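Given only the sequences and the hints, what does the whole structure look like? Please build it.
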Amino acid sequence: MSDAPLPHPDLLAAIPRLRRYARVLTGDVTRADDLVQETLARGWEKRRLWVAGSDLRAWLFTIMHNVFVNQRASAVRDAQNVSLDDEGDGGAAWQVPVHASQQAHVELQEVMRELTRLPAEQREVLVLAAVEEMRYEEIAEVLAIPVGTVMSRLSRARARLRRTLGGVDEDRPTPLKIVR
Amino acid sequence: MSRVQISHDDVHAYADRQLPPERRDAVEAALVRDPALAAEADEIARQNAWLRDGLDAMLAEPLPAGLVDAARPPRTRGRPPRWLATAAVALCTLGLGLAGGSWLRDDQLVRAGMPTTFAQQAAFTHALYAADVRRPVEVWAPEEKSLVTWLSRRLDYPLHAPDLNAAGYALVGGRLVAGNERPTALFMYENAAKERLTLQARKEPADVDETAFRYALEDGVGVYYWIDDRCAYALSGRLDREQLLKIGRLVYAQLNANQPTR
Chain Z
5 MSDAPLPHPD LLAAIPRLRR YARVLTGDVT RADDLVQETL ARGWEKRRLW
55 VAGSDLRAWL FTIMHNVFVN QRASAVRDAQ NVSLDDEGDG GAAWQVPVHA
105 SQQAHVELQE VMRELTRLPA EQREVLVLAA VEEMRYEEIA EVLAIPVGTV
155 MSRLSRARAR LRRTLGGVDE DRPTPLKIVR
Chain U
136 MSRVQISHDD VHAYADRQLP PERRDAVEAA LVRDPALAAE ADEIARQNAW
186 LRDGLDAMLA EPLPAGLVDA ARPPRTRGRP PRWLATAAVA LCTLGLGLAG
236 GSWLRDDQLV RAGMPTTFAQ QAAFTHALYA ADVRRPVEVW APEEKSLVTW
286 LSRRLDYPLH APDLNAAGYA LVGGRLVAGN ERPTALFMYE NAAKERLTLQ
336 ARKEPADVDE TAFRYALEDG VGVYYWIDDR CAYALSGRLD REQLLKIGRL
386 VYAQLNANQP TR
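Protein chains in written order, with our numbering: chain Z, 5 to 184; chain U, 136 to 397.
In short, the hints are calculated from the structure, not lab data. Predicted model, so just to flag it, every value in this text is computed and none were measured. Glycine included, each C-beta is placed from N, C-alpha and C at the ideal position. Incorrect hints may have been included.
Unchecked claim - Which bits of chain U does chain Z cover? Going by a derived footprint, with three or more residues having C-beta under 8 Å, they are: (1) 170-184; (2) 196-205; (3) 284-296; (4) 356-366.
Structure, rendered in structure tokens:
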């Protein structure tokens, strides 16, 4: 038997969600896993700061957000001519090693394509609210922004998605209502 | 009747199920009066479902070894001095145990050994989610049909959530569990005393034979597990062996009744 210390079950359980969010952030499988790796390492370093009983997932997402923002900032410093904003190159195929049915794979590609078309700040809020089902206050804490900003980004993300997905044309604001 | 002013933020919060009950009722009343607002709420719910359906596939992926390693406590930094570790072990041996936060459980888990077999994994998963008060499942029982469809698609195996009401257990809901090998579906049940059972299912490779019921007791969690028609099942709960077996038989009978003849 190996004498490596065993993985922490709560961390282990959080990894799939962290990876998913990291992919949404970075748009790249390898970079995403590096980000998760770094997040877990920071988690261990800062574990005394985690308040027992509080939501471990939200805490880890906060760490990941900070690591990501710092990495992006230093990458921009290192190579100022390289655009790191994913806006505009949203059509790129997404290589994801998903062990699921073909249909699930196609759906994932579709969702990722639309998501990468959103500005990063809207994408983050949308995924945390709609997919991670975090409370708006939690999202505000994770991203270190006011709740009002969470709401406006969320609203813009959804309006944009509505337009691209070709749902009902609700580009315009809700019309004046005539009640009876 | 007094009409509460409903904002667009309220509609988002409603669709994201974040409103307290009285506010939710007010929004619902407004949606009934206002078709445009109702369409907005529907559209948000539709987008949410589309996003989740697409992105949930990633949760079932096997974890790369590097990330599993990153979940292990670091050895170099912050390692407790040897005398402290010895003292902790001595305390445990004396039966005093270690109280406190979940980060302290490492030592206990090391001694207990990590789950390696299907039954151990099932007991471990059961313990993890059955104890979760707020989010034991991803999809709740009222959406049973879409839950079963979703999980069947993710496992690529036609699943059914057995009806265990005869044994006093109602379906709470279910989730997809990221296994180290293959994705696993989990259905959770609860009785009137809030005791929970889980039934986990995982598709097996074609060359795996059917097995009889086997029983394992893992850290206080009883598990009956078996393989039937290329699917491995594990029924887990903190009940005594006879009770669990009775429910296991109920599950088995229903799954077989539901199986298409081939």
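**Prompt:** When the hints from earlier in the document are held up against this structure, which numbers fail?
**Reply:** Failing hint: just 4.
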